[in-house]
Amino acid sequence: MIGKSDFYAIGGLIVATFLFLAVGNWPYGYYQFVRIATCGFSIAIVLRSDRPSAGGWLLFSVAGAILFNPIFPIRMEKGDWGLADLVFGIGYGAYGMQSMSRSIAKASSFLIWIVLAIVMSLTFYVNHYMPHGPSYPTGDIVCQNDDRGPCGEEYREDMTGLDIPDWAKTLRENFAGLVMLLIVAGICGTAIAKGDDAE
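Anchor point for the sequence shown: position 149 equals 148 in numbering that gives the first Met the number 0, and the numbering is continuous, going up by one each time.
Just so you know, these hints were derived from the structure itself, not from any lab.
Keep in mind it's a predicted model, so treat the numbers as computed, not measured.
Glycine included, each C-beta is placed from N, C-alpha and C at the ideal position.
Among the clues, some could well be false.
Estimated spans, in silico, between C-beta atoms of each pair [what the hints assert, rightly or not]:
no. : residue 1 : residue 2 : range
1   : F6        : D139      : 36 to 46 Å
2   : Y27       : E153      : 22 to 32 Å
3   : P26       : E156      : 15 to 25 Å
4   : I140      : I113      : 33 to 43 Å
5   : G55       : G78       : 23 to 33 Å
6   : M75       : P164      : 41 to 51 Å
7   : E153      : Y30       : 21 to 31 Å
8   : F6        : S134      : 43 to 53 Å
9   : G132      : P26       : 16 to 26 Å
10  : I113      : E172      : 16 to 26 Å
All chains, please: the whole structure from these sequences, using the hints.
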């Protein structure tokens with residue numbers, strides 16, 4: 000049975016996922032969506048924070064509602080937004096994990112592992128069966144084996160003129176961060192779900 004706190008837990012995890020993904024390169028509409036979703040969830044937490052133990056979350060959520068409000072938007076550089084996205088993503092991820100019941104954690108972790116398998120399959124398809132753009136040097140030197148070598152210049156793929164769907168370009172650009180996010184979320188959800196068996 001899904002309790003009221005589970006809805007907030009799931010909302011926190013969804014908003015945290017949106018915020019973590021916002022660190023990557025997405026169309027501008029995605030960032031507008033993240034701003035609205037984060038502000039709305041922050042307001043929901045503020046309205047829920049009538050319990051004595053909710054003081055820290057109340058302040059955190061008020062800050063989130065102000066920072067991500069779409070009516071009087073705050074302007075910052077992309078790097079500063081990346082830091083804010085990570086801070087609030089970690090915060091709302093922790094809020095979601097703290098509020099989640101064991102049964103919801105079990106279902107969520109199962110769903111996360113399925114999504115990870117789908118992302119890995121789509122990435123294999125995109126990298127092996129869709130065309131690639133030309134590579135260009137970034138100017139950075141990258142060394143393997145803990146900087147002992149061999150070293151060489153880093154190259155990136157230029158996908159601006161590439162005739163593949165936008166979702167495929169986005170997956171190529173953000174694959175590593177997305178997979179790491181799913182793995183961490185899956186491990187955390189599995190750990191919470193297994194805690195039920197130990198009791």
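Going down the list of hints, with the structure as the test:
1. For the pair F6 and D139, the beta carbons lie near 44 Å from each other, so the given range of 36 to 46 Å is met.
2. For the hinted restraint 22 to 32 Å between Y27 and E153, the CB-CB distance of approximately 27 Å keeps it satisfied.
3. Checked against the hint of 15 to 25 Å, the C-beta distance between P26 and E156 comes to roughly 18 Å, which is consistent with it.
4. At about 39 Å, the CB distance of I140 to I113 agrees with the hint of 33 to 43 Å.
5. For the hinted restraint 23 to 33 Å between G55 and G78, the CB-CB distance of approximately 27 Å keeps it satisfied.
6. One distance hint, 41 to 51 Å for the beta-carbon pair M75 and P164, is violated here, with the actual separation near 30 Å.
7. Checked against the hint of 21 to 31 Å, the C-beta distance between E153 and Y30 comes to roughly 26 Å, which is consistent with it.
8. For F6 and S134, the Cβ-Cβ distance of about 46 Å falls inside the hinted range of 43 to 53 Å, so the restraint holds.
9. For G132 paired with P26, a C-beta distance near 18 Å keeps the hint of 16 to 26 Å intact.
10. Range check, I113 to E172: Cβ separation about 23 Å, and the 16 to 26 Å hint holds.
Hint compliance for this structure: hint 6 is the single one not met.
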